[in-house]
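Below are the chains, spelled out letter by letter.
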Amino acid sequence: GAGVSQSPSNKVTEKGKDVELRCDPISGHTALYWYRQSLGQGLEFLIYFQGNSAPDKSGLPSDRFSAERTGGSVSTLTIQRTQQEDSAVYLCASSLGASMGTEAFFGQGTRLTVV
Amino acid sequence: KNEVEQSPQNLTAQEGEFITINCSYSVGISALHWLQQHPGGGIVSLFMLSSGKKKHGRLIATINIQEKHSSLHITASHPRDSAVYICAVSSMNYGGSQGNLIFGKGTKLSVKP
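Note that the protein sequences, when read in sequence, are chains A and B.
The first sequence maps to residues 160 to 274 in my numbering.
The second sequence maps to residues 3 to 115 in my numbering.
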C-alpha cells in the first residue's frame, strides 16, 4: 500500500477481554516497530521486527502483550486480559533497513480504550 | 533523566510568528527525526536528519552533532501548524538492540489567528 495502515483506528473493549491490533507496513519494508502512547505521555517502544530475525521484545510491558509478524509483512499486536492502564494509542512504524537511520513511516495509530 | 529532551513543552504563537522548537539528546545516534502529531493522533514524519539542515516549505530542521542538539523552525506560522511536534532519535545502542527510536515528550504548539 501507499503507507503504513493500522486497524482498527479506534477500539473500545471491556476490561478482561483480549484485543488484536493490526499493522500493514509499506511493501518491502523489512523493519517494523510497535509503539504506545499513553495519555499525557511520550511514545514508548514495545517491540521491533527485522526481517526473519527474532524480534526484540524488550519493550513489552507484561506477558499479556505479544506480537507476531507473518510472512515478514503484516503484524498483529495482541493484548490479553486487557486492563484500564492498557488504554493508549498504539502506533506502528516501518522502515526499509535494519536501523531507523533509514526514514521511518508511521501509521495513524489505533486508539484503544479499556472500560 | 530522559535521553531526549524537548523545549518548550507548550508554545503559543500568533499567526505569522517565527517558531523554534528545540531538541537535545544524550545518546549516540544514527539519525534524528522530527514528527508531527495532529489532535486526531496520526503521526507524520517531517524530517530525518543525520547532519546539517533540511528545508521543506515553511519548515526547517537543523542538527548539530557535536552539541547533540536539533532545532525545528516554522516560518510564517499558521493555525494549521497547531500540533504536537515530537523529536525522536535513532540510537544503535539503545536497549542493546538495533534501531530503536527514543522519543521526546513532544512540544504542543498552538498558533492563534
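There could be a bad hint or two in this list.
[Stated by the list, open to error] Simulated crosslink set (DSS-like; lysine-lysine; CA at most 30 Å straight-line): (1) B:K107 / A:K174; (2) A:K216 / A:K176; (3) A:K170 / B:K110.
[As the list claims (entries may be wrong)] Below, a sample of chain B positions facing chain A; criterion: calculated Cβ distance under 7 Å: (4) F20; (5) G44; (6) K107.
If you are wondering where the hints come from, they were derived from the structure by calculation, not from laboratory data.
Values in this document were obtained by computation on a predicted structure and should not be read as measured data.
Every residue, glycine too, gets a C-beta built ideally from N, C-alpha and C.
Okay, the hints, checked on the actual structure:
A threshold of 30 Å between alpha carbons decides the hint, and for B:K107 with A:K174 the separation of about 28 Å falls inside it, so the pair holds. A threshold of 30 Å between alpha carbons decides the hint, and for A:K216 with A:K176 the separation of about 22 Å falls inside it, so the pair holds. Straight-line distance between C-alpha atoms of A:K170 and B:K110 comes to about 25 Å, which keeps the hinted pair within the 30 Å bound. Using the Cβ-Cβ criterion of 7 Å, the hint placing B:F20 at the interface with chain A is not satisfied: the shortest such distance is roughly 26 Å.
Taking 7 Å as the C-beta cut-off, the interface hint given for B:G44 holds, the closest approach to chain A being about 4 Å. A cut of 7 Å between beta carbons decides the hint on B:K107: the least distance to chain A is about 4 Å, and the hint holds.
Hint 4 from the list above is the single one not met by this structure.
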